[in-house]
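> Listed in order, the protein sequences are those of chains A and B.
According to this note's numbering, the stretch in the first sequence is residues 1 to 292, in order.
According to this note's numbering, the stretch in the second sequence is residues 1 to 266, in order.
Note that these hints are calculated values from the structure, not bench results.
Even for Gly, the Cβ is constructed at its ideal location relative to N, Cα and C.
Be aware that one or more of the hints could be misleading.
Unchecked claim - Far from chain B, some chain A residues (derived; all Cβ distances over 10 angstroms):
#	residue
1	Ser28
2	Gln62
3	Leu206
4	Lys213
As the list claims (entries may be wrong) - Some chain B residues well away from chain A (every beta-carbon gap over 12 angstroms; in silico):
#	residue
5	Ala14
6	Ala20
7	Pro109
8	Asp174
9	Thr206
10	Thr222
11	Lys231
12	Arg248
13	Ala257
14	Asn265
Said to hold, decoys possible - In silico DSSO-like pairs for lysine-lysine, Cα to Cα no more than 30 angstroms straight-line:
#	chain 1	residue 1	chain 2	residue 2
15	B	Lys61	B	Lys12
16	B	Lys231	A	Lys174
17	B	Lys13	A	Lys25
18	A	Lys231	B	Lys61
19	A	Lys59	A	Lys49
20	B	Lys53	A	Lys24
21	B	Lys37	B	Lys70
22	B	Lys28	A	Lys289
23	A	Lys25	B	Lys12
24	B	Lys149	B	Lys70
25	B	Lys70	A	Lys231
26	B	Lys149	A	Lys231
27	B	Lys61	A	Lys24
28	A	Lys49	A	Lys65
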Amino acid sequence: MLDSVGFIGAGMMASALMDGLLAKKTISDPSSITCSDVWQPSLDRAAEKGYNTSLTNDKVCQNSKTAIILAVKPNIIETVCSDIMSAAGAGDDQQEQQHGGGALIISIAAGVTLSTLQSYLPGRRVIRVMPNTPCLVGEAASGYALGSLATDSDRAIVQAIFGSVGLAMEVEEKLLDAVTGVSGSGPAYVFQFIEALSDGGVRVGLPRAVATKLAAQTVKGAAEMVLRTGKHPGELKDGVTSPGGTTIAGVEALERGSFRATTISAVKAATKRSLQLGGTVSSEDIDRKYNL
Amino acid sequence: MASALMDGMIAKKALSSPSAISCSDIWKPSLDLAAEKGYNACTSNDKVCANAKTAVILAVKPHIIETVCKDVAAHGDALVISIAAGVTLGTLEANLPGRRVVRVMPNTPCLIGEAASGFALGKLANESDREIVQTIFGSVGLAMEVNEKLLDAVTGVSGSGPAYVFLFIEALSDGGVRAGLPRNVSTQLAAQTVKGAAEMVLQTGTHPGVLKDGVTSPGGTTIAGVEALEKGSFRSTVISAVMATTRRSLQLGGVSAEDIQHKYNL
């Protein structure tokens, strides 16, 4: 159970997180959540649901004891952090805040490193999260990395928040680009897959609406089997491929088309691009150290 | 499958009590398992037919359908629902003269209540039979009605589809490991990503291409991944898998090579 949580930025992701916290009863009351944004319609939408809203970041800092989530674009992170440093915190004095006290700061801004965050927020405990779009339907896959001052109880706070909108896994910061390659960018690969599965269905005679629904539900159900049974996907594949049957014919076609190799190449390409955009890894290191 | 359907109906309260379900099997351990959950475990098919007023589901292997139909034909007039792959409505109706029948192609995730099923109504089946099938198969996932001639196509997409997804998840996980992630983290993130993205398509009803546009920012990481998929003819390969599976389903169903080629264009 968390005490009070703040969001700087009340856009789609923040909104999904706020709603998730309530839906999973991680926060009992919407008034324990405060959010800020420059865009009034976002604030109005939040206010309608009972969250506290503000056009300035001070109020968020004052009200939030447990954590403050930075849900703004990377290019305004610095400004926001400066507001946090100059704001009076929730129940702590400024001195204490700059020595590991105060609310945990959680950033979901892509590519903004812990080192950068720490430099803007000296003495504060920070965590960096890479969530993904299905956060919007409460089925996110997120990776997160702890800053050097973050504690075990901070780990529990992040798990509680991001666990209320899906799955959250801790990784070393240097692996967040790889997380981007798999789960950050992964939804797009899945959309392509579902579109193609539906096209396949239409190619063999199904009406489009039927094909797309069956395709999407098939993908959801099979993924759920992997998650719930904990079995190796290869083992699950063995379990549904009867001798000389229909399914193994489909598997053969995928293998012939290097389906899996292509998927791996997509993860590599997205990871490589993430490293490039991050700007902290040289192209030589991307090549030699990361082997991408 | 039968077990999953029974449990699904109770979980979704399609039936008020487990005692409203009767099942038969020659394998005692299956019966014991069913009895433990409060279902009526019968040693004969006759008993099942006597107890089942609404519907009787045939959940046996295709080669024993004919035998089972003899027992069913002799008792009652409940809707008969077959999930036996490749056994046509024509065959079922021939073995169950005068009975209302429905043929369903479910899929493996039925076992966890997330099936994708296609079904086709027999000649005598009516509106209320359609609802019965929707209720039963809707309690374990999604069920969609199709023309019987499209059940091979349904096999190609949702019947065999789970295997394609298992391969996809394994490859996504391999990609993550290739990029440095520990295996267990990679597989969990991969599977959850696939689940979540599919859920987005289902919940928003938005075209997958539009959803893809929504997550590909200019010059970003995601479009780089999409480019790699396109370079590898990813979508074309998936289409070819659906075609190969559908073709095989038609072959197993006894459709002539000429018809498969000219009528079905496969």
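> A separate judgement is required for each hint: does it hold in the structure or not?
Tested hints:
no. : hint                   : in the structure
1   : Ser28                  : 26 angstroms, holds
2   : Gln62                  : 33 angstroms, holds
3   : Leu206                 : 5 angstroms, violated
4   : Lys213                 : 6 angstroms, violated
5   : Ala14                  : 18 angstroms, holds
6   : Ala20                  : 26 angstroms, holds
7   : Pro109                 : 3 angstroms, violated
8   : Asp174                 : 5 angstroms, violated
9   : Thr206                 : 9 angstroms, violated
10  : Thr222                 : 4 angstroms, violated
11  : Lys231                 : 7 angstroms, violated
12  : Arg248                 : 4 angstroms, violated
13  : Ala257                 : 15 angstroms, holds
14  : Asn265                 : 8 angstroms, violated
15  : B:Lys61 with B:Lys12   : 27 angstroms, holds
16  : B:Lys231 with A:Lys174 : 28 angstroms, holds
17  : B:Lys13 with A:Lys25   : 25 angstroms, holds
18  : A:Lys231 with B:Lys61  : 25 angstroms, holds
19  : A:Lys59 with A:Lys49   : 18 angstroms, holds
20  : B:Lys53 with A:Lys24   : 41 angstroms, violated
21  : B:Lys37 with B:Lys70   : 28 angstroms, holds
22  : B:Lys28 with A:Lys289  : 59 angstroms, violated
23  : A:Lys25 with B:Lys12   : 24 angstroms, holds
24  : B:Lys149 with B:Lys70  : 26 angstroms, holds
25  : B:Lys70 with A:Lys231  : 39 angstroms, violated
26  : B:Lys149 with A:Lys231 : 35 angstroms, violated
27  : B:Lys61 with A:Lys24   : 43 angstroms, violated
28  : A:Lys49 with A:Lys65   : 21 angstroms, holds
In summary, the numbered hints that this structure violates are 3, 4, 7, 8, 9, 10, 11, 12, 14, 20, 22, 25, 26, 27.
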